[in-house]
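Q: Protein sequence lines correspond, in order, to chains A and B. Everything in the first sequence is counted per my numbering, starting at 1 for the first residue and increasing by one. Everything in the second sequence is counted per my numbering, starting at 1 for the first residue and increasing by one.
By construction, these hints were calculated from the structure, which means they are not laboratory data. A hint or two may mislead.
[Claimed, not checked] Each pair of labels, with its calculated beta carbon distance range:
1. A:Lys12 x B:Lys209: 52 to 62 Å
2. B:Ala321 x A:Glu125: 49 to 59 Å
3. B:Ser553 x A:Asp67: 27 to 37 Å
4. A:Gln128 x B:Asn348: 25 to 35 Å
5. A:Lys66 x B:Arg625: 32 to 42 Å
6. A:Gly33 x B:Gly161: 23 to 33 Å
7. B:Thr191 x A:Asp67: 35 to 45 Å
8. A:Gly70 x B:Lys246: 31 to 41 Å
9. A:Gly33 x B:Ser553: 21 to 31 Å
10. B:Lys209 x A:Glu125: 28 to 38 Å
Remember, it's a predicted structure, so these values are computed and weren't measured experimentally. Note that beta-carbon positions come from the ideal geometry of N, C-alpha and C, so glycine has one too.
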Amino acid sequence: MQRTISFTLNGKPARVTTDDERMLLWVLRSDLGLTGAKFGCGEGLCGACTVVVDQQAVRSCSVPVKDIAGKRVVTIEGLGNGDKLHPIQEAFLKHHAFQCGYCTSGMLVNAYALLLKTPKPTRAEILQHMEDNLCRCGAHVRIVEAIQEAAGAVKGGAL
Amino acid sequence: MRPDNSNLSRRGFFAVAGSGLFVFFRADLDAFQEPARFPGRQAGPTDFNAYLRIGADGRVTCLVGKVELGQGSMTALAQLLAEELDVPFDSVDMVMGDTDRCPYDMGTFGSMCIRMLGPVVRAAGAEARAVLIQMAAEQFHAPPDRLQAKAGVITDPLAPGKRVTYAQLVEGKRIERHIEKVPVKPVAAFTIIGKSPRRKDALEKVTGKAMYAGDIALPGMLHARILRLPAHGATLKSVDTSAAEKVPGARVVRDGDLIAVLHERRDLAEQALGLIKAQFDRPRTGLDDKTIFDHLLKTAPQPQVVGQGGSIAEGEKLSTAIVDETYLNSYVAHASMETHSAIASVENGKATVWASTQAPFSVKPAVAQALGIQQENVHIVTPFVGGGFGGKSGAPQAVEAARLAKAAGKPVQVVWDRAEEFFFDTFRPAAVVKIRSGLTAAGKIAFWDAKVYAAGEREATPFYDIPNHHTVAAGGWQGGNPPGMHPFGIGPWRAPSANTNTFARESHIDILAAKAGVDPLEFRLSHLTDPRMRRALETVAKQFAWKPAKTPSGRGVGVACGIYSNTYVATMAELAVDKSSGSVQVKRVVTALDAGLIVNPDGLRQQMEGSITMGLGYSLTEEVRFQDGEVLDRNFDSYQLPRFSWLPKIETIIIDNPGLPAQGCGEPPITTMGAVVANAIYDAVGARLLQLPMTPARILAALKKG
């Protein structure tokens, strides 16, 4: 159904008028011009499209835009503050926790969601939370290290 | 001080270009510190001129035909140039894979960026630096060999007031001056090579700003979803597009065999595509992922001898035990996280295509041919590429986008979905390796008789000291296979041939070691005189704290080694096998690598970690299932990539060998993974796995067999 959906996008009000059954990923990428969230599988199997909706990591390729009405959406573009990177981005940068970078937005946003919920995750909790985010280059070992480092950095409430 | 433009001695060399200094040089391999040793160099750039430009603002642009797939060449090549040119690393901007701006390049594959392009970039930087010093010397009226260049500034130590920057010397002008045989720096003089600066692509990638082909939008652009055949070999019988055409904003375009729905929104194009009613004739070949191996043996071309020494008959006479085994591996997908993507604009007989590809200079003629225009009217731009691993050596999606853009009269973007990616992938070929060998009474390998089908010849010939050996290879990943041998496309997959052949060779060596009752490391060393391989094995064993034992020892430890791109790799692993489920948890992997001179140690470690992690996939789960030309694995639910929970403790050791020029790094460390896992499984539970991937079902079957 064609309708106007209002929500908060990266801290700012956003409105989009469209078929409300469309998936959030394509609305973000095509209608709103935010291309940080990536298309990888289209079925919620790879995590490249991960965004945060009301503090929960979701697969934007599989969330109809009607489901986000009135909610707060955070994408990779919403991490950090202007030129200042978010601690999780700083940690990914420092550890070179990426190679091709295509899964990286989803990895960062999913890790951000983990730290929102569990500021001091154990290694096992990190592995479990990140399990369904796929990386073909094999940056996993550094991603885990980066999340551990960011978890140390955010104890003062940087999130 | 400004350069003296009236200097007659320089006048002939300058031409106003507006944007900077171009240094023209010839790839005089004799000028390289690194010897001419590149088998493929005749295919490398010979008609190029400019690899670098010094801007009026002092920034240096490095132009290369290679692309950044994640392997880090954007950073390492910048280091090489900054080192030789003597400019700050941060002042170098990379332009990669742009066919209008960069010199011709064959493609980004084969671990060649540093090994083969590296010396060219270094030579370019060294010559440019020498030219700039010569220019400064003329300005200073001082001998050039007295001057010093550092961080883009030339000074005369004997005349403290004399100082000129590269930017001041160049002044936005273009220079054509050659200095023959400029030496590159010796290792001892390096200040940038051998360091691990922040990756050039880091900031863009952690902020989501890095642009891939699917992220680029042009005004008026339409997204295409293309009608596909359900199976390889299928043909379209009938098609009804009327329902799709009724979707608001959708447009159905037909260009020959290409039928596509175009829409301003990709997801709405997808919806409309689903309304197309099509009927197909489908082949019934009876071929599937189980019958493929017999089929390969029947259809493979005539075997070619790829290595031999001594006499197999003599070896047989010396043997007291014979080991004859057959090793198999299934088709494996590249499965880059970015699917093949492209956006094309065709206007006034000229095409510009942004494509995810490993070989933009091959895409150019393909697009030109498809559009019926001259190559000079085609411009390929390569943004960041979201992984390649060999799978983006071609770019059929770029041709599709160009054809559809021409047909539609508007820019068209093609982003394959995951099912298209699996369908059109050029898989690592399924393959069969047969090795028959003998042991003497003293436990030495008396002969080695190997036949490789479909994998290709790389790493097929053993590097062990074996007096009598004979290796043949029939067919390979590079083409030349008879039609119908493979039911779909095959091609290079990270370290082509070598994963299959290393799995077979290193498994077989372990079987011989067990038969001889000798520790597998000791058995290898007793057949090795190559000092680089001995050192790699000894290095990894020390770090791993390898304790010699006959296999199976019940500990679950394994070793494997290999050579690829003249890089030596030795790997040890520890794992646990759940005997009830057949599942494997790899606990620890240690890899030692000798790749000669290391340009960027952290970049090398990323490649090693990535190879180890990716290698677990083809070892344990990854195989493409198919039936009658239909690819049954279409997404990541059934095709299982390595995940976080698989992660072993990974230790990487870089062997110090700076006297050897920089070798390839992106592929070698993945080649040992199949065998090291197979050998550790055998050590754990006494079951010998002869087929990749080593799935729980195959492990249970091997356990049952005993």
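Q: For each hint, tell me whether it holds in the structure or not.
A: Each hint, compared with the structure:
{"no.": "1", "hint": "A:Lys12 x B:Lys209: 52 to 62 Å", "in the structure": "violated, 18 Å"}
{"no.": "2", "hint": "B:Ala321 x A:Glu125: 49 to 59 Å", "in the structure": "holds, 51 Å"}
{"no.": "3", "hint": "B:Ser553 x A:Asp67: 27 to 37 Å", "in the structure": "violated, 55 Å"}
{"no.": "4", "hint": "A:Gln128 x B:Asn348: 25 to 35 Å", "in the structure": "violated, 55 Å"}
{"no.": "5", "hint": "A:Lys66 x B:Arg625: 32 to 42 Å", "in the structure": "holds, 36 Å"}
{"no.": "6", "hint": "A:Gly33 x B:Gly161: 23 to 33 Å", "in the structure": "violated, 54 Å"}
{"no.": "7", "hint": "B:Thr191 x A:Asp67: 35 to 45 Å", "in the structure": "violated, 55 Å"}
{"no.": "8", "hint": "A:Gly70 x B:Lys246: 31 to 41 Å", "in the structure": "holds, 33 Å"}
{"no.": "9", "hint": "A:Gly33 x B:Ser553: 21 to 31 Å", "in the structure": "violated, 59 Å"}
{"no.": "10", "hint": "B:Lys209 x A:Glu125: 28 to 38 Å", "in the structure": "holds, 29 Å"}
When each numbered hint is compared with the structure, violations occur for hints 1, 3, 4, 6, 7 and 9.
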